[in-house]
Each structure stands twice: as structure tokens, then as C-alpha cells.
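Here the numbering used here runs 211 ahead of the position in the sequence shown, where the first position is 1.
Simulated from the structure, these hints should not be mistaken for laboratory data. Because the structure is a prediction, the values reported are computed rather than measured. One thing to keep in mind: the hints can contain errors.
As the list claims (entries may be wrong) - Taking lysine-lysine and the DSBU-like style, the derived pairs with C-alpha atoms no more than 30 Å apart in a straight line are:
1) 382 <-> 413
2) 345 <-> 399
3) 382 <-> 345
4) 399 <-> 382
5) 321 <-> 345
6) 345 <-> 413
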Amino acid sequence: MTVESELIERLQQLLAEAKAAGVEQALQPILKRALEDVAAKVSGVAETSSLIEVPGSYGLIGASAAMEQVFELIERVAPSTVPVLILGETGTGKELVARALHENSPRRSKLFLAENCAAVPAELLEGELFGHVKGAFTGAVANRDGHFVAANHGTVFLDEIGDMPLPMQSKLLRVLQEGEVRAVGSNKTVTVDVRVVAATNKDLPAMVSERNFREDLYYRLNVITISLPPLRDREGDVSILARFFADRLQASLGRSVELDAGALAALEAWSWPGNVRELENEIERAVALSDGVIGREDFSPRILAQQE
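Given the sequences, and given the hints that come with them, work out the whole structure.
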């Protein structure tokens with residue numbers, strides 16, 4: 212039950228009590244007006260908050276042939292326990308795929324933990340993944356489990372695996388080979404059973420050739436590969452996603468948000484180097500600038516410049 216429906220129910224109860232108590236000329240009219248006002252507002256929000264039915268699966272939206280292939284592969288791969296390597300440009304939804312693999316697997320009741328290998332300093336990444344013991348380094352004031360221990364029997368998602376330092380690559384390889392982790396500062400190993408899903412927007416085979424990525428680790432991670440297509444190669448999905456994002460904002464704002472034909476044409480013509488994430492940000496910007504009907508003039512100058 213939502214907060215709004217609870218409020219309506221409580222007002223109805225108070226109104227009934229007022230009638231029963233015979234408080235006809237004072238409290239009852241006030242409660243009746245309050246009930247009508249709340250009901251009207253809730254009804255108005257409900258009319259604008261029902262999301263349009265959008266095509267897609269596993270939390271990913273799209274109807275293009277390229278995305279249908281991704282959905283099919285997720286369905287086939289999710290029930291297994293093998294490592295998966297997700298490839299795709301920035302903003303294509305790699306973490307959504309990783310979560311879909313976990314949530315549709317036998318491990319769904321256990322933890323899904325994600326770490327961006329590019330966002331954590333090299334000297335701290337080992338502790339984040341494998342844990343540390345008290346006193347292992349400055350600031351280690353207590354023992355701490357890393358992701359692999361905390362997510363035992365679950366899934367660890369390693370985003371931007373191509374940015375993992377070479378020394379850490381060796382330690383990750385041992386975990387994949389032996390199923391054991393050793394916390395920083397400890398001489399004891401802990402056995403873990405974790406499914407590893409990794410993702411990158413980099414060319415790992417080229418990095419292997421340049422000796423910037425371990426070849427043995429690459430083959431350990433690349434048991435199954437899911438390649439996410441860039442938005443520019445997903446025919447018809449730009450309009451579907453744009454309408455979805457606009458409708459979601461409409462629900463949160465409680466007012467109508469529409470895209471006119473010129474706006475949709477401008478969106479379809481753009482190349483979307485930032486992919487779905489860029490499109491979502493663009494729709495949010497346009498909603499903030501428009502009066503409820505988004506036209507091409509509400510988009511960023513870079514998108515308009517392509518059609519001039």
C-alpha cells in the first residue's frame with residue numbers, strides 16, 4: 212500500500228467516525244473536502260505515472276535485432292556458473308547485463324557485489340576485493356572481508372577489468388584457478404565459490420599483444436562473451452528509449468511529458484557516442500527546458516548542429 216492510499220483510507224475512517232459521532236456541521240465537511248482533494252491528486256498522478264509498455268528483457272530496453280541476440284544469450288548463459296566477459300562501449304549497460312546474469316541464476320539469493328577497477332587506486336584494490344586484516348596498512352583498524360568472501364556463493368562483477376594493474380591480475384588469476392583468496396596482511400587462505408563477471412570497453416586482445424593484460428587471465432575470463440551493441444547500431448531503439456525515459460520522468464514529476472516528431476527525428480539522427488547513458492541525460496535536460504512538449508530546440512547544441 213502506498214503512502215497516498217494509506218492517507219485516503221485513514222481519511223475515510225475518520226469521515227465514518229465523524230458521521231457515527233454525529234459531528235455533522237464541523238469536522239465532517241472538512242474531512243470530506245480533504246478526502247476529495249487527496250483522491251483527486253492521487254488520481255492525477257496515477258494517470259501520468261503508468262509507464263508505457265516497452266519492449267525488452269532482463270531490465271534492458273530495446274526491440275532491435277542486435278538486442279534480441281543479447282537477450283537470447285543472457286537466457287542461455289545465466290543458469291550456468293562459468294565466467295562471463297561483457298564487452299561494450301561506455302554507457303551501453305554492461306552492469307545491467309551483469310545483474311541480469313546474477314538475478315536469473317541459481318546464485319540470485321546471494322550477494323551481487325560490483326567493483327570498478329578503474330575507480331579504485333591500485334594500492335587499495337586488493338583490499339577491496341580480497342579483504343585485509345587489522346594493521347595490514349595505515350588505516351586498517353579492523354579485519355575486513357573483501358568482495359570475494361562477502362559474496363561467497365554469489366557473483367562479483369569487475370567493471371573496467373582492462374584497467375586492473377598487472378600485479379592484481381596475477382592475484383585474480385589465482386582466485387579463478389584455485390578458488391582461494393588471501394586477505395592483505397594475512398598468511399591464511401579462504402576458500403570461496405564466486406562467479407566472476409567482468410566487463411570492459413577496451414580491446415583486451417590488443418592489450419594482451421602489448422603485454423598490458425595477462426593472456427592466461429584473458430582466457431580465464433573469456434569463457435563466454437556478451438558483446439553489447441552501441442546505440443547507433445540498434446535500429447529503432449533510440450525512439451523506444453527516449454519515450455521510456457520521458458515517461459519515467461513524467462511519472463516522477465506528475466505532469467505530462469511528450470516528444471514531438473521533430474525531436475524524435477533529431478534523436479534518431481545523432482550518433483550517441485555516450486550510448487544509452489547519454490540519451491537518458493539528454494532527455495532529462497530536455498524535460499527541464501521544455502514546457503511539457505519536447506521539441507528539437509530543447510536538445511543540446513551538438514545534436515542540433517548535425518542537422519544544420
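Each hint tested on the structure:
1. Straight-line distance between C-alpha atoms of residue 382 and residue 413 comes to about 21 Å, which keeps the hinted pair within the 30 Å bound.
2. The straight-line distance between the Cα atoms of residue 345 and residue 399 is roughly 14 Å, inside the 30 Å bound, and the hint therefore holds.
3. Our distance criterion of 30 Å between C-alpha atoms is met by residue 382 and residue 345, whose separation comes to about 21 Å.
4. A distance of roughly 15 Å separates the Cα atoms of residue 399 and residue 382; the hinted pair therefore holds under the 30 Å criterion.
5. Using a Cα cut-off of 30 Å, the hinted pair residue 321 and residue 345 holds, with the two alpha carbons roughly 26 Å apart.
6. A distance of roughly 36 Å separates the Cα atoms of residue 345 and residue 413; the hinted pair therefore is violated under the 30 Å criterion.
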